[in-house]
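Asks: Just so you know, the sequences run in chain order A, B, C and D.
Taking the working numbering, the leading residue of the first sequence gets 1, the next gets one more, and so forth.
Taking the working numbering, the leading residue of the second sequence gets 1, the next gets one more, and so forth.
Taking the working numbering, the leading residue of the third sequence gets 1, the next gets one more, and so forth.
Taking the working numbering, the leading residue of the fourth sequence gets 1, the next gets one more, and so forth.
Mixed in with the good hints there might be a few duds.
[Claimed, not checked] Below, computed lysine-lysine pairings styled on BS3-like, alpha-carbon distance capped at 25 angstroms:
#1 206/C x 207/D
#2 185/C x 43/C
#3 325/D x 185/A
#4 43/A x 43/C
#5 43/B x 133/D
#6 207/C x 275/B
#7 207/C x 207/D
#8 43/B x 43/D
#9 190/B x 325/C
#10 100/A x 16/A
#11 43/A x 20/C
#12 161/C x 43/C
#13 71/B x 207/D
#14 71/D x 206/D
#15 190/C x 325/C
#16 274/D x 190/A
#17 274/B x 206/C
#18 43/C x 71/C
#19 207/B x 207/A
#20 325/C x 185/B
#21 133/A x 325/D
#22 43/A x 71/C
#23 325/A x 185/D
#24 71/C x 17/C
#25 133/D x 190/A
#26 133/D x 325/A
#27 43/B x 207/D
#28 274/A x 190/D
#29 190/B x 43/C
#30 206/A x 100/A
#31 274/A x 190/A
#32 71/B x 43/B
#33 190/C x 274/B
#34 43/D x 71/D
#35 20/A x 43/C
#36 161/C x 133/B
Everything labelled a hint here was simulated from the structure, so no lab data went into it.
Now for the letters of each chain:
Number of protein chains: 4
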Amino acid sequence: MLMRYGNRSYYISAPKKDEKMLQVGILGVNGYAGAELIQILLKHPRVQIAEMAARLDTPVPISSIFGQFKKRFDMECQVFHGVEGFGASCDLIFLALPHKVSMGIVPELLRAGKRVIDLSADFRLMDAAVYAKWYHEEHTAATLLPEAVYGLPELYRDRIKDAGLIANPGCYPTTVILGCAPLIKSGIVKPEIVVDSKSGISGAGKKPSPTTHFVNRYENFTAYNIGIHRHTPEMEQELSLLAGSEVRVMFSPHLIPINRGMLSTMYFDVLSEKKITQGELSLLYQEFYQDEPFVRILDEIPQTADVRETNYCDIWARLDERTNKIVIVSTIDNLTKGASGQAVQNMNIMYGWDETLGL
Amino acid sequence: MLMRYGNRSYYISAPKKDEKMLQVGILGVNGYAGAELIQILLKHPRVQIAEMAARLDTPVPISSIFGQFKKRFDMECQVFHGVEGFGASCDLIFLALPHKVSMGIVPELLRAGKRVIDLSADFRLMDAAVYAKWYHEEHTAATLLPEAVYGLPELYRDRIKDAGLIANPGCYPTTVILGCAPLIKSGIVKPEIVVDSKSGISGAGKKPSPTTHFVNRYENFTAYNIGIHRHTPEMEQELSLLAGSEVRVMFSPHLIPINRGMLSTMYFDVLSEKKITQGELSLLYQEFYQDEPFVRILDEIPQTADVRETNYCDIWARLDERTNKIVIVSTIDNLTKGASGQAVQNMNIMYGWDETLGL
Amino acid sequence: MLMRYGNRSYYISAPKKDEKMLQVGILGVNGYAGAELIQILLKHPRVQIAEMAARLDTPVPISSIFGQFKKRFDMECQVFHGVEGFGASCDLIFLALPHKVSMGIVPELLRAGKRVIDLSADFRLMDAAVYAKWYHEEHTAATLLPEAVYGLPELYRDRIKDAGLIANPGCYPTTVILGCAPLIKSGIVKPEIVVDSKSGISGAGKKPSPTTHFVNRYENFTAYNIGIHRHTPEMEQELSLLAGSEVRVMFSPHLIPINRGMLSTMYFDVLSEKKITQGELSLLYQEFYQDEPFVRILDEIPQTADVRETNYCDIWARLDERTNKIVIVSTIDNLTKGASGQAVQNMNIMYGWDETLGL
Amino acid sequence: MLMRYGNRSYYISAPKKDEKMLQVGILGVNGYAGAELIQILLKHPRVQIAEMAARLDTPVPISSIFGQFKKRFDMECQVFHGVEGFGASCDLIFLALPHKVSMGIVPELLRAGKRVIDLSADFRLMDAAVYAKWYHEEHTAATLLPEAVYGLPELYRDRIKDAGLIANPGCYPTTVILGCAPLIKSGIVKPEIVVDSKSGISGAGKKPSPTTHFVNRYENFTAYNIGIHRHTPEMEQELSLLAGSEVRVMFSPHLIPINRGMLSTMYFDVLSEKKITQGELSLLYQEFYQDEPFVRILDEIPQTADVRETNYCDIWARLDERTNKIVIVSTIDNLTKGASGQAVQNMNIMYGWDETLGL
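Isolated chain A (complex conformation) (with noise of 0.2 angstroms):
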């Protein structure tokens, strides 16, 4: 329905289907990445935003929810009761859901016909007896691990132009998996890396509690999870098959008091046997990502406001000499290249547009 606001228009249900527009929809769309998502899809100049729905009580404006979008994007929110009764006008669906709910849901879009983007955990692990231990629950839609890809285009890119499922990968990962893969992949360093990452707190997601008390964050940080936490097989498994056999990540994640930004901090021995040198590194850095859009080799050690709002991983690689020892630096913005604008990317990619577009 199009509604008047003074002169301008805007919607308050789903607006016109452009048919030249690729029609989305947008399942879970209540939390950080949903509004992030929402963000990006309202400028990319190829998509339309179809559908949204959510566990509510009542249908009510996405506006109502993310105050930004009040007289820009009042569409309304469905109330989530099912695949059924959703997504019948769309294409492509983005999964914005808590992990363990995505896998009883994806296996109904896809005999729909329906492209799904997942940005839960729930395809991420090739193998299901890995979720379980992680997880704590059964996959309930193991065969379809085999098709899903892998949503890191830095990696996948021509596997993501085809799929039907993407498991769009963790923040964590992302920073790690992409500060690591041109060392892993180059064989100069063990294979246990020690992974120290630093996180703004939209990561612990929109659910009040005492960890998200602003009280409880504000002049105070500290770590979680050390050693347990679940993206740590999805680093694991991804730089094993970029070394060719097993890596060990010991995983330290800490809660930063920001809203948004990313930060690992990646140790790395050097093989006796091997030898660097830090113009090497260097250069085996800019070969690596030079063709690609989103990932910076900088000089300078990075920092989480210059990538803020945007998709880019800014990565830094310094050899100390004294102790033999690489530290790679990476960030990126947690939503953006860690959530939904790598989501946005991977979109890109299997419709054939340009990467970048809308980013």
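Here the structure of chain A is known, so what remains is to put chains B, C and D in place on it, guided by the hints.
Replies: Using the frame of chain A, we list chains B, C and D on its own:
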């Protein structure tokens, strides 16, 4: 029970009673005012915390609620079931309970011979009808209102000495009444005040909610409850008493993304038939508060950091000749002078100690 | 010079001129308004940044000043030596210079046939004597004051179209004039307004100082320049013009510890002979701004986060019957609608484009 | 000179000397360590601040530098011209001066019979050649290095008692040495440690700079000086002494946007021939620190807020069996246990008082 941790001893349940120390209890200790009260009382040379209780599922060490007390003050916080099981060993009870809960408990505590300092709003308003209007509930202990003393020492020191029941002032009213008192009493301004107040987030309480979610508050600020905040009648009551006639307050509170701190900016119209110079205005404030240990009249605009974790109220006064208005700025720490510090100041007066003891 | 970074090209010095694009220059580009201007212009479909200059020791890529532009926009920022060496290739010049510097440069730019949008205060006040009084310096280009157009599109859209010199409004005045205009024009309130404004720290500029030191500002807030802030005469000039008679503003700015965002709370006395209802008040604001693309009249109190990095001004109006006062709250992003966004909005009007282009 | 403010007295210049109190002086009092030192000493029952000096243009009340002391401690801060004019009335001098300045002053102070606690790095490294290498300057008082005692009470309590010159530890080394000591001494880990530390902004000092500008730090974080930070040799020196052989530290500091607080995450490889269980690891730490008043071994990962404005160091230890690594997390307040609190702890030991006095 006395425990040993290494060579240090600390208390798991109540410590051994020191007969020379005042025994106090704290009900509702698990909020921010409770934590601040413990913090102050632990350093107070005349007081022992004998009992603590809160609405919990099971008794826990207070340090499991407030990590800063770990291995420093691990005394057990009881489950609050009602007055009968609480406070037998105490002379004085601090109530850090929500509004509307206090009034159900205070009568019984007074009957049991306890002195009570109530940090809630329940006994601040003299008129039960005003309470009912602003708090949307009938007052169930209205007969006690006449004997409750409004615990603002700068105005009611003499009555506090012998009080059985102290109604500890609200945080906003503390800044506003102290900031306005000299001017209102002087009779040179109109009895209509614009009060624009700003508070840190701890004022919104410890309960997680969208309002207190870190991501909603960080890099953001806003106003709330303009014209309808419940502290309004408390300000008007006390300022009207000072003026000897009705004073009206247009009160607008704002939420500022810091933990602790409160600042009120107050605007007065100088009566057209009255004259005052900047020098006289400054002197008026200096003299009004010259004997006060916790009010500082400053030559520069105060900032909240300078009163952080102190019981001071800093005040600045300016005559604006262009507009013939007077602007007053006052600051406190909302948890100290705005709550628990002021409660301790009241206790010091009630027991005839130096008013600044432990503060 | 066109450089290649991997398979991507980016510009080190000026890009190849696209004849169909408007060529613009930015003087004083190294402050926050400059960064915001670049951010917006890089996405603007009709504009090319042709030249940039600032007071520097040596020319540097702009991305070495603002890291977010690294490998995205590395064009060189020239050393500003004076007008003669700058702007030859430009049609329009944005001046993001300090107050008092602009007035020395504008005359020459105009003589050279450039159109100018000046973000400083130098051409906002019509009366050179008022300028001299508040800025403590004689105006050296007073003869240009009559032709400068105050660049608040909501009031002066028609005059902006053909203007050669735009005096882009101050951030505080933008919130205040937009927030007061309907009411002041209606004639139902006294011509004396209390304005209590709050600004993020970017408003204090990029120069390091004790005022902008992180440790001084974090977990702290304060007021400053109460009654003496230089934006006061700018507000009074425009509101007096709207009222048709003199309006006085009692203005108190506050510094809030966030980066971007501004909120003004404005207090009016309803004239005793006039009557207005809440419904009429809301309608007054709705109708006044019904055709405005960047003003949103809200039913709830606005918050700064909802306008962050947008050109919106959100406004809320409330009649307080108890005190017969009206309270208006308005919010903007001080760097966007309060500076560079508004400058681009003015440019869009000047060149006959859709007013929202690129915003 | 004793002044009266209302009925309260406070000191403008030095207070009347109390013979029973230790007379102390503070040089370089105008930084954050100085403010913290005053804050602690004002509540210390055995100490009187007799003199303060700093590099200033003119003498000023200390409260004009640190507003929190207004009307509470307005004693004059002298202009520092050199040792001859300072400290005559003092037994003990705290030096809160920059690195490289202290070493020019300490010899003279010692000759004058003063005991000295130096908060700078100048006397922390035993080897003048190491100092020259990391601080890029020759040590001018190298003959004093052997008699300086490294003021970490948990390791050097006995030597501190009789020391004339204390080299107060750096903030990062305090977290790292306390966090590593039990494990390094145990001999079960490789002598190569990865240390990933995070500090609040007060660690960057009080001087305004782009690094400390609010807008650059808020909603942002980053790493700095990876592999080249000057605290590295201090950690290696003390850990090597504990190990009895050379220990190498790969040290990466990060800047977190809060004022106070420091957290270090330390990664160890368990030697392949050694075995340890989580229980044994916890016991190792419990026993090592069982008599320490300021070290708390926790079962949960510590957070900086719990040590804020205290002298505690909170430590947590975890064996990660998957990777055969041990992770230690330790937190302090960088201005308290990381600087001035530890200085007072050292003073308490030097004068035979209860080590926790005033802390």
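Asks: Hints first: check each against the structure and report whether it holds.
Replies: Here is what the structure says about each hint:
1. 206/C x 207/D: holds, 15 angstroms
2. 185/C x 43/C: Not OK: residue 185/C and residue 43/C at ~37 angstroms, beyond 25 angstroms, violated.
3. 325/D x 185/A: Cα-Cα ~23 angstroms, so holds.
4. 43/A x 43/C: Within the cut-off at roughly 11 angstroms; holds.
5. 43/B x 133/D: Cα-Cα ~46 angstroms, so violated.
6. 207/C x 275/B: violated, 42 angstroms
7. 207/C x 207/D: holds, 13 angstroms
8. 43/B x 43/D: holds, 11 angstroms
9. 190/B x 325/C: holds, 14 angstroms
10. 100/A x 16/A: violated, 34 angstroms
11. 43/A x 20/C: Satisfied, since the Cα-Cα distance of roughly 23 angstroms is no more than 25 angstroms.
12. 161/C x 43/C: holds, 22 angstroms
13. 71/B x 207/D: violated, 37 angstroms
14. 71/D x 206/D: Within the cut-off at roughly 23 angstroms; holds.
15. 190/C x 325/C: At roughly 10 angstroms apart (the allowed maximum being 25 angstroms), residue 325/C and residue 190/C satisfy the hint.
16. 274/D x 190/A: holds, 21 angstroms
17. 274/B x 206/C: Cα-Cα ~44 angstroms, so violated.
18. 43/C x 71/C: Given pair residue 43/C, residue 71/C holds - Cα atoms ~16 angstroms apart, limit 25 angstroms.
19. 207/B x 207/A: Given that 25 angstroms is the threshold and the Cα spacing comes to 13 angstroms, the pair holds.
20. 325/C x 185/B: holds, 23 angstroms
21. 133/A x 325/D: holds, 21 angstroms
22. 43/A x 71/C: Holds, at about 22 angstroms.
23. 325/A x 185/D: This hinted pair holds, its Cα atoms lying about 23 angstroms apart.
24. 71/C x 17/C: holds, 20 angstroms
25. 133/D x 190/A: violated, 30 angstroms
26. 133/D x 325/A: Holds, at about 21 angstroms.
27. 43/B x 207/D: violated, 34 angstroms
28. 274/A x 190/D: holds, 21 angstroms
29. 190/B x 43/C: violated, 53 angstroms
30. 206/A x 100/A: holds, 18 angstroms
31. 274/A x 190/A: holds, 10 angstroms
32. 71/B x 43/B: This hinted pair holds, its Cα atoms lying about 16 angstroms apart.
33. 190/C x 274/B: Distance ~21 angstroms between residue 190/C and residue 274/B Cα, so the pair holds.
34. 43/D x 71/D: Measuring from Cα to Cα gives roughly 16 angstroms; hence the hint holds.
35. 20/A x 43/C: holds, 23 angstroms
36. 161/C x 133/B: violated, 54 angstroms
Violated hints for the displayed structure, listed by number in ascending order: 2, 5, 6, 10, 13, 17, 25, 27, 29, 36.
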